[in-house]
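J.: Next come the chains, spelled out residue by residue.
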Amino acid sequence: MTGNHQTLALLLFSVFVAITLGITTWVSRHRHGSAEDFYAGGRLFSPMENGFAIAGDYMSAASFLGISGLIALFGYDGLLYSVGFLVAWLVVLFLVAELVRNCGRYTLADVVAARMRERPVRIAAGTSSVTVSVLYLVAQMVGAGSLVALLLGGTSGAAQAWTVVGVGALMIVYVSFGGMRATTWIQIVKAVLLMGGAIALTVLVLLRFHGDFDQLLRTAAQRSGHGTAFLAPGLKYGGDWTARLDFISLGLALVLGTAGLPHILSRFYTVPTARAARRSVVWSIGLIGGFYLMTIVLGFGAAAIVGPDAVRGSNAAGNTAVPLLALDLGGGAGSTGGTVLFAVVAAIAFATILAVVAGITLASSASVAHDLYASLRRRGAKPRSEVAVARAAAVGVGVVAIALGLLARDLNVAFLVGLAFAVAASANLPVLLYSLFWRNFTTRGAVWSVYGGLVPALVLVVLSPVVSGSPASLFPGVDLQYFPLENPGLVSIPLGFLAGWLGTVTSAEPPDEAKHAETEVRALTGAGAV
Amino acid sequence: MEKQDGPDSGEARIDDPWYDALASGWGELDGTGAPAPVVPPARGRPEDRGVRAADIYLEVQRSAAFQEVRGRYRRFVVPSVAVFLTWYVGYVVVATTAPQFMARPVAGAVNVAMVAGLGQFLTTFLFTWAYARHARLRRDRAALDLRWDTQELTRGVAGGGR
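Each protein sequence line maps, in turn, to chains A and B. Heads up: the first sequence begins at 3 in this note's numbering, then just goes up one per residue. Heads up: the second sequence begins at 112 in this note's numbering, then just goes up one per residue.
Isolated chain B (complex conformation) (with noise of 0.2 Å):
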């Protein structure tokens, strides 16, 4: 309990979002030094955003790039999502209009309904081990160099980086 006292004790860090010592990992944005954006709070975002903030935006989506960090993401979501809302889904109508065929024996007290039940905890397990590994190898560097990249064509316009 002692250790809230850790993130507490700096104000100046609480107001930078460049700040990611706690994601530890490579040393992401290390000596950047780069002042925070200055984000007006979202009610009272000023109307006159600079056009050319929006272009950036339009120009980073449109760049190869992004849109390599984009298949990347969804190449391995859209399957995934379709994979085990299936699994998930055809288990429970499975479960609810067939249970003579979960009954089955499979070994000593477990039966097919045991084994597909344990199935679905291990497969979530599986999942989420599968996606944080293509997440941490395939997007993670490529997302942070657009997201700095972006940041410094944004900054130099009117409305900031938001």
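Just chain A, with the same shape it has in the complex (with noise of 0.2 Å):
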């Protein structure tokens, strides 16, 4: 490979920089300095712009090139991924987008401290909020820095951590200086150009192949070696019966993380309604939906185009099948089409992975600010000055997101997302829809379930095969792995709900009927909803 497509991606991704920088200036030329501005953007995005750019938040660098890898290398077992990513959607739509957007301001704490009494609970579901984003923003920082010495050549480590360095510096620029108006526009932007990415390969793919779907699945399984044994499942998570429950339980954390993501249920409030909360997430359905549809096509593409042996000689975890894949659509390497294409999936991966990082430091920019600082601070400070900390916590948050990601530098992203999910799923989850349908849900009852799912996911990821215990692990040397499996979603999930029914069994404090009251009328008409 010359170094002309290596030249032409730094050049694109320099112009989408230079974009969203404009974007940035744009917007906060008419920043009002309210806090409805910062977190929400105003509340005044159209259904369609919002879905777009929860998609944009959603879809990220993991998915585009780590499920497509998986697909390339695994076959049937990386599509198990982006199914469970998606039906996770359902449960979004189903029990938590529009009554989130009518009962909360800013912050999934807002639900629930509407309820209960709002200092303990503030502070409890605004750590975990910022657990789950800083888990997931480390993932991001990782990939992006691997991401850059895989495409563009810069192995040596100082490549790595410049890229990192460089991407937490950006993702601190647009979020303090443009809030969520710059974050939702730049996620717009980046969906954008993944949709049009990722339709372009599948049409060049389905060419390849004569539209053949049938011949496409029966190229890849011949040239994977694996015969028939590559469009079914059971190649990666098909071993012992630990490495078969560690799937189950990642596809636990996967379905009941998102809806218990900070940064995804902080997009509902930038929309005018309830209404319009449904009617972007209807929108997201579509474009995640067919967005996983077309890594699917892409996956066994590579796999039957570029094989597995190739992808594999090129990075071990396979995120590389989609820019290689591109390169062989093209016309091959050394082609002016296939430097083109190569430069274009490169590009819009860096692209995928800043509006990623953007849209998660806002919305822990706003736990820390809303419910952190606002609970813990001295009385008397002024409204306005929220926003200022906001902006404060968004460069602290940047700069913590920057050192773990150097320190993480060799952790697998998928497991880091994978982990993000679980605790989503077992701190923010129960307590959220605990509030939003249990009458008899009190104080105690949700500051345990917070708890409660949050220190067992976090304790059983130390004691897990991960952290000790195992050559590949992070500390080979220490033996601490008293917990088998390498996500905790299927033990600390159900832990957070018990939790959560136990602290209200025992508590003392009787439900308060007129607030639970409010509450399911405010969610489910809207009354009161700013």
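Hints listed in this document are in silico derivations from the structure and should not be mistaken for laboratory results. Ideal placement from N, C-alpha and C gives every residue a C-beta, glycine not left out. Don't take each hint at face value.
Unchecked claim - The calculated lysine to aspartate or glutamate pairs, modelled on EDC-like cross-linking and capped at a C-alpha distance of 20 Å, are:
{"#": "1", "chain 1": "A", "residue 1": "K517", "chain 2": "B", "residue 2": "E263"}
{"#": "2", "chain 1": "A", "residue 1": "K517", "chain 2": "B", "residue 2": "D260"}
{"#": "3", "chain 1": "A", "residue 1": "K517", "chain 2": "A", "residue 2": "D39"}
{"#": "4", "chain 1": "A", "residue 1": "K517", "chain 2": "B", "residue 2": "E170"}
{"#": "5", "chain 1": "A", "residue 1": "K517", "chain 2": "B", "residue 2": "D251"}
Said to hold, decoys possible - Here are the in silico distance ranges between beta carbons for each label pair:
{"#": "6", "chain 1": "A", "residue 1": "I21", "chain 2": "B", "residue 2": "R247", "range": "34 to 42 Å"}
{"#": "7", "chain 1": "B", "residue 1": "P190", "chain 2": "A", "residue 2": "L378", "range": "37 to 45 Å"}
{"#": "8", "chain 1": "A", "residue 1": "S30", "chain 2": "B", "residue 2": "A176", "range": "41 to 49 Å"}
{"#": "9", "chain 1": "B", "residue 1": "R185", "chain 2": "A", "residue 2": "K517", "range": "19 to 27 Å"}
{"#": "10", "chain 1": "A", "residue 1": "N442", "chain 2": "B", "residue 2": "A253", "range": "25 to 33 Å"}
{"#": "11", "chain 1": "A", "residue 1": "S30", "chain 2": "B", "residue 2": "V226", "range": "45 to 53 Å"}
{"#": "12", "chain 1": "B", "residue 1": "L196", "chain 2": "A", "residue 2": "E511", "range": "26 to 34 Å"}
{"#": "13", "chain 1": "B", "residue 1": "T197", "chain 2": "A", "residue 2": "A20", "range": "45 to 53 Å"}
{"#": "14", "chain 1": "A", "residue 1": "L295", "chain 2": "B", "residue 2": "F212", "range": "17 to 25 Å"}
{"#": "15", "chain 1": "B", "residue 1": "T197", "chain 2": "A", "residue 2": "A312", "range": "35 to 43 Å"}
{"#": "16", "chain 1": "A", "residue 1": "V493", "chain 2": "B", "residue 2": "V194", "range": "23 to 31 Å"}
Both chains are given apart, each in its own frame, so use the hints to dock them into the complex.
T.: Structure, rendered in structure tokens:
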């Protein structure tokens, strides 16, 4: 491969950065400096715009490169991931989106705190939201670093480290200057680019096989060296029972975690009504579903056209399958078409990471400023200063994420994402569902439910083979491994629900019937919604 | 990208929760001219909220109209969630525990696993469509009337709409 595609990729990426910085400047010219503006972009996005932004927030590089890479290497088992990522949206649509839009203002904690004693609940929900965001953020930063190393050939640690720093600095600029409005537009631009890129590649793959999906599958199976086993589950997760249970645990975390992700919940506040929130989720389900369907074609396409050996040769985890596929579809290495397509795919992958990290940083700065700072600060500070705190928090979260991203450079990205989903499903989802639907839920139940999901999830990870006890773990020399699964979801999600129930039934304080009535009426009708 | 100017130009609208032109459909709230209820910041909410405002929510909650809306929501959502979660968990469990069954050919290279996986995509789209349709036809109108009535009732009492 020549350096041409790298130069072109850098150029395209610079164009994207310039455009997004332009958007940020443009948006901050108009800013009013209110919390409404910073956290929720004035709540005036249309359902279609918000649907694109949600899709842009959700489809990370881990999906674009990771899932198609997994399909290229392991066939059907990669597809299992994408099903979980999509079905999760039904939970969001049915149980969360409209009700959260009606009850809250900026964060998850708003919904819970409306019914409960505010301070303990806000501190608990704020803490878990920040934890989830930071985990997810680190995953994306690590992904950004390794992506650069892979695509631009800069395999040196220095290139990787500078990429992490650069991505972090850019996202701090987007978020602290542009707030939700700039973040939303960056996500919309990115979603359009990502969908465009995926559609173009899918069409090229299908053209190569004359539109015959069956032919594509047969060629992929044949080239994989596994035969028809490539098209059935079991190549990656079919080992012993621990591996199988681990996958069930991951599947549970994926499907229940999305509804507890703070950066997804905060997107519902950017539209004017619950109806608009519902319609934006319908848009995003269409976009995300279409996108994952295309990753199936791209993954099997990469297996059939590039071949698993070439993919594995470039990156053992399969992350370069789509760029290699683009190179081949454009005419092969050295050809103009191949160079251009490769560069475009690389630039889209960067854009994807930037947009996702901006969304998460914004959500976590909202949790820090609106929930934690507002509960812990001394009384009597001016309300206006909350936005200043949020901007500062964005810088702080960015710095922490850069530092952790540099430390965690060698961790597997997909594992970190799965972990963030597991924590979100264990700590955030139970308290949210209980607050919205359970009449007798109390403050103690809410606090127990958050910590009862958060602490086990984190402790189980520390005790898992990921951290110690096996040659592939973080600290191979130590043996703290008491829990066999890599993903804690199977145990910690039920624990979160159980702790919430236990806290409620042992609570001395009687449930507040009037506040429950208020939450229920507001959630279902939108009365008093902001 | 120029469109971003749109939602931005009109400072007055930003604070008006009644502004719903973006969620176009039937012109739901046009011409009400209702002023935005003053919503204090969540963390500094006054403790002296009127007792009567709380009573109004209890009253609305017990009204037949609200019970009907809630019943319609629950009668749709509870069975649907049960069905799609069972279908998804069943799919994941079968895929991990019975790969031989999933590998059975159906037509050409397509096997049971492929059909089930694409079936998950299809049912997700169908559930989405059914939910949106149900909400639009069976819930939106009644919920909006209730919202309006509730806000009318709470406006007069201490504590405002919230």
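J.: Against this structure, judge whether each hint is valid.
T.: Evaluated hints:
no., hint, in the structure
1, A:K517 to B:E263, "holds, 19 Å"
2, A:K517 to B:D260, "holds, 18 Å"
3, A:K517 to A:D39, "violated, 28 Å"
4, A:K517 to B:E170, "holds, 12 Å"
5, A:K517 to B:D251, "violated, 23 Å"
6, A:I21 to B:R247: 34 to 42 Å, "holds, 36 Å"
7, B:P190 to A:L378: 37 to 45 Å, "holds, 43 Å"
8, A:S30 to B:A176: 41 to 49 Å, "holds, 45 Å"
9, B:R185 to A:K517: 19 to 27 Å, "holds, 20 Å"
10, A:N442 to B:A253: 25 to 33 Å, "holds, 27 Å"
11, A:S30 to B:V226: 45 to 53 Å, "holds, 51 Å"
12, B:L196 to A:E511: 26 to 34 Å, "holds, 32 Å"
13, B:T197 to A:A20: 45 to 53 Å, "holds, 49 Å"
14, A:L295 to B:F212: 17 to 25 Å, "holds, 24 Å"
15, B:T197 to A:A312: 35 to 43 Å, "holds, 41 Å"
16, A:V493 to B:V194: 23 to 31 Å, "holds, 26 Å"
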